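**Q** Protein chains in written order, with the numbering used here: chain A, 1 to 39; chain B, 1 to 561.
Note that these hints are calculated values from the structure, not bench results. It is possible that part of the hints are untrue.
[As the list claims (entries may be wrong)] Per label pair, the in silico range of CB-to-CB distance:
no.	chain 1	residue 1	chain 2	residue 2	range
1	B	R455	A	I37	58 to 66 Å
2	A	V26	B	V534	28 to 36 Å
3	B	R312	A	F18	53 to 61 Å
4	A	V26	B	P201	32 to 40 Å
5	A	A15	B	R402	44 to 52 Å
6	B	P227	A	V26	37 to 45 Å
7	B	D351	A	A15	45 to 53 Å
8	A	V26	B	V229	18 to 26 Å
9	A	I37	B	Q342	18 to 26 Å
10	A	V26	B	H43	21 to 29 Å
11	B	V352	A	V26	29 to 37 Å
In this text, all values refer to a predicted model and were calculated from it rather than measured experimentally. Every residue gets a Cβ at the ideal spot worked out from N, C-alpha and C, and that includes glycine.
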Amino acid sequence: MPDETPRPARLSWTALYFIVAAALLVDIAAFATLTWIYR
Amino acid sequence: MSILDWIVLVGTLAAIVGYGIWKARGKQDMARYLRGGNQDRWHTIGLSVMATQASAITFLSTPGQAYQDGMRFIQFYFGLPLAMIVLSIVFLPRYFQLHVYTAYEFLEGRFDRKTRQLTAFLFLLQRGLSAGITIYAPAIILSSVLGWSLRLTCLCIGGMVIVYTVVGGARAVSQTQKQQMVVMLGGMVVAFFVIVAHLPPEISLGKALHIAGTLGKLEAIDLSVNPSVRYTLWSGLLGGFFLAMAYFGTDQSQVQRYLGARSVAESRLGLLFNGLVKIPMQALILFVGVMVFVFYQFNAPPLFFNQSELARARHTPLAGELAALDQAHTVAFEHKRSELWQLERALDRHDVAAIAASEESVRKAEFATTAIREKARQTIARALPDAHTRDTDYIFLSFVMRNLPRGVVGLLLVVIFCAAMSAVAGELSALASTTVVDFYRCSLRPNASDAHYVRAAKFFTAMWGVLAVLFATFASLLDNLIQAVNILGSLFYGTILGIFLVAFSRWTVRGTAVFLAALVAEGVIVGMFLGTRVSFLWYNVIGCVCVVLFSGVLRWVLPRA
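Only chain B is shown next, with the shape it has when bound in the complex (with noise of 0.2 Å):
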């Protein structure tokens, strides 16, 4: 890294948490602190919950998403805007009304402290867990990329946050949100048109994209109705749409930046705003990680993107294996590259008879380069049995690294900083929340002052911080605890959704009855989780289903629980 992308990097940085904390000063009480004393107007909702929801692994993974599968990972934000139609005419108005800390809050009043504490536990389990991931898992890429200590990196991200967290609470969050959004959708503006021009001077736009087609990196619409593929138009619109509403609407670290918002109509705006601009954003990094794979056609991509564990391959008995997958490798991406290049002669001519055989050439020379990096994928996986062999999320960090000018690449890390400390923040915010309002003002300390709550949210916020930085430390060691807390999330969330579906509802259901039934619903999931292939896009789908309709049926059997 050069002296000016340090520059950069640091500046930027070091401006945002200042504005932040600058904004956050004077007197905190409650409603300050937890949720920002109701200043914020509509963009600055829209942004930080953008912000909220986009963490590192939004920038660092998607492009080499888009690299490997192409597009259609677009489709997981379809039933977004349809989300948030919905949250700002039967949520947000409720919310409003009953002048909640949290969303948890609400239940008690509709059902009973039971519920609310059930919710409000499994928001803090998955949360809480989630935090560290939300560190580590960028810091281990950064770390391995840039060459900096694993540990250093979590407590670089991890330490800023945790200050102006603590310090400026769901104020200086939602502020430092704004500017980060900002610079994140600028960055991955100005990346997109340095990528473009990175290309061969003779490859267009137009030809880009007719590159990219022909491999298959442009089919965004899978109309497939099998329920065991990932995304597809189905799974997008609908178990997205279960999605949105359960994260959108009853996590709190998304329901507290909205909660800070002047009035309804300022909220409503700023979760409109997601709905408008949410599609475009993720189709904007999409794009970034088409063209990052059409660059490297012409372009020579290392045998395997995540190059520390190649160094650490090629010291073992199976280097010279790796050595010779190496060279077929070279050979089969130098053929590929001239049959591309036959193809840009086609084009030029316009000759439809010679452009369909050069793409059938370029998609079986496409097949050979790919078998051979999957083949290098193996072997290292032998070589190396504790080695990360999905390098699909060190494609977009090392053509930064290899290709950006200087500037753009302290930039592109801003990017990755920004929305890693955006979301750390607003997790730790609402963790904190949570833990004062749903757990130590209700149930230890019920009457204490509105400082002494401050000074508790502040020790709470602190503390989730010290944990998340502490599970991103040592989170190399639990690599199958990772991927526990990865599911962890979407096993919950439908039948948190069906709870406060049933809340909003006129039905007379009591608590014990929505209680069961929640207990019920989440024993469907986890069975189907475990018996079944079902993508989990529609657990959450089932799982709120399941909450309606058991309680529906308690409702008649259990009148009076």
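This is chain A alone, in the form it adopts within the complex (with noise of 0.2 Å):
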């Protein structure tokens, strides 16, 4: 099928995975900080 979007460049993917892997850290230190916090 074509790729008619289009893509970013490959740099471009790699800061994609690297924001969505960013934000599970910041997720995971909410929590914690939420248990830590109300312990």
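Mind docking these for me? Both chains are given alone in their own frames, and the hints should help you get the complex.
**A** Structure, rendered in structure tokens:
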């Protein structure tokens, strides 16, 4: 199938993957803080 | 339910179903019916992937789980974003390159037909049975709380889904799922603010969190390394990663959603969107449950949330025992509430010593009320051996029906119906595509016309839908079977993922070696299930690792197999 959508450069995909992984770390840190504050 | 609630409920559901059918109008061929014609943008993919996973039980049970057990369930989702990244890099490009309709089609090219049909069969078995439960589980709660007939509720949910899924195929499914997911997210945000507004005026959000934290409801992270503890940071990250890889990468109900994208790029963006939004969404649902818990610290909760079972138990010889427990529960609640007001005043004064003393008293009072509730549960179980005594599933809906304003009740019922319909629609469409592509076209009618396969897909969608509704209607007679089906899914996922990982690797493993490795790995998992207490999240890791390892060994032992 033709890939009509302009494909971000390779670096852009890497950046997107990094953002998703970083968001996970932020989520875990936020829940760890919540646990720690109200333990 | 008020007229306004009915208008909101019926109007929204009719609008969504109508929109789905309208968007899927036009000439249908196989690519359009089974893959949505590859027209979907990333936001449709992202939302429909989320809607397929979010069943009604997500919205009914999760707040109840937070009420009972706190926020720890959130750890279950920690592996998901990482899985979205790996799937975007490894799985998506292969599926798109080969123009497959189903994930299992890919396995025939890589191995052989028996490996393809084994995995497709495992999918049909597991998903075919769970489609019935996806209808039954919310229907039993809705019918009990709202006083509707169970069969009619199953028929309503199933009937609406069958109509638009048969008529519009994958495109109608993804278009309706997009609308349904927006309604679900919006509904839960509204629910959160309405519940916070229902707390006593002296209780700010900060104080509500303090009270929830004091009673252990905000312990989101558990660092325990004990494998029998179900939700820990480690089981969530590792077990959750493998489970999400298996579910999103090899379960046709998910694969079909992102195969409908315009391009690999749109598909990837959809999955990454899911990876970003899923944890905050689940956190919101859990927070709603925590706020309901705080609400019931200041407003008397019922002794048992499943009111219809409680009412039934009150007509048995154990009614006197229940009345005594009800009285003891009221006294214990009043005592706890007065301790909580003392804590609230200590918080206002910033009196550290008084806060610590009050926290201890509140914990003791909570322990006493929980013990009475547990006694009530046991009494109901003795009075009615067939009763559903897990009342956490009823907490959220009974709270909504008793306390929320008109209109909001209708909106939250829409959320639950939307969740049930979106999950079932995804399942029916995937079951039909697997039946047609991996069995009917592959083994029964290999050279029929495109139009013939579309008709067959419509027939199989309706067939799976009718089977799911029938299963849901009679599921109450088969309680043990329901538990078996719930367990079944987690027993197969690791093995299926292992087969796919070997397929995506560059190893020169042949079909029979993988087939045998899968059978041995499945034996190991069933053995663990029967003989150990290891949490089910770990089955996904172990099953997958076993298939990869055994395939590696068999590759040397049986190089020609």
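**Q** Next step is simple, just say for each hint if it's right about the structure.
**A** Hint check:
1. Against the hinted window of 58 to 66 Å, the Cβ-Cβ separation of B/R455 and A/I37 comes to about 60 Å, which satisfies the hint.
2. Under the hint 28 to 36 Å, the C-beta atoms of A/V26 and B/V534, about 30 Å apart, fit the expected range.
3. At about 56 Å, the CB distance of B/R312 to A/F18 agrees with the hint of 53 to 61 Å.
4. A hinted range of 32 to 40 Å for the beta carbons of A/V26 and B/P201 is consistent with their spacing of about 33 Å.
5. Distance hint for A/A15 and B/R402: a CB-CB separation of about 49 Å, consistent with the stated range 44 to 52 Å.
6. For B/P227 and A/V26, the hinted distance range of 37 to 45 Å is not satisfied, since their beta carbons lie about 28 Å from each other.
7. With their beta carbons about 50 Å apart, B/D351 and A/A15 fall inside the hinted range of 45 to 53 Å.
8. Distance hint check: the CB atoms of A/V26 and B/V229 are about 25 Å apart, consistent with the given range 18 to 26 Å.
9. Taking the beta carbon of each, A/I37 and B/Q342 are about 21 Å apart, inside 18 to 26 Å as hinted.
10. For A/V26 paired with B/H43, a C-beta distance near 22 Å keeps the hint of 21 to 29 Å intact.
11. In this structure the hint that B/V352 and A/V26 lie 29 to 37 Å apart at CB holds, the actual value being about 31 Å.
Hint compliance for this structure: hint 6 alone is broken.
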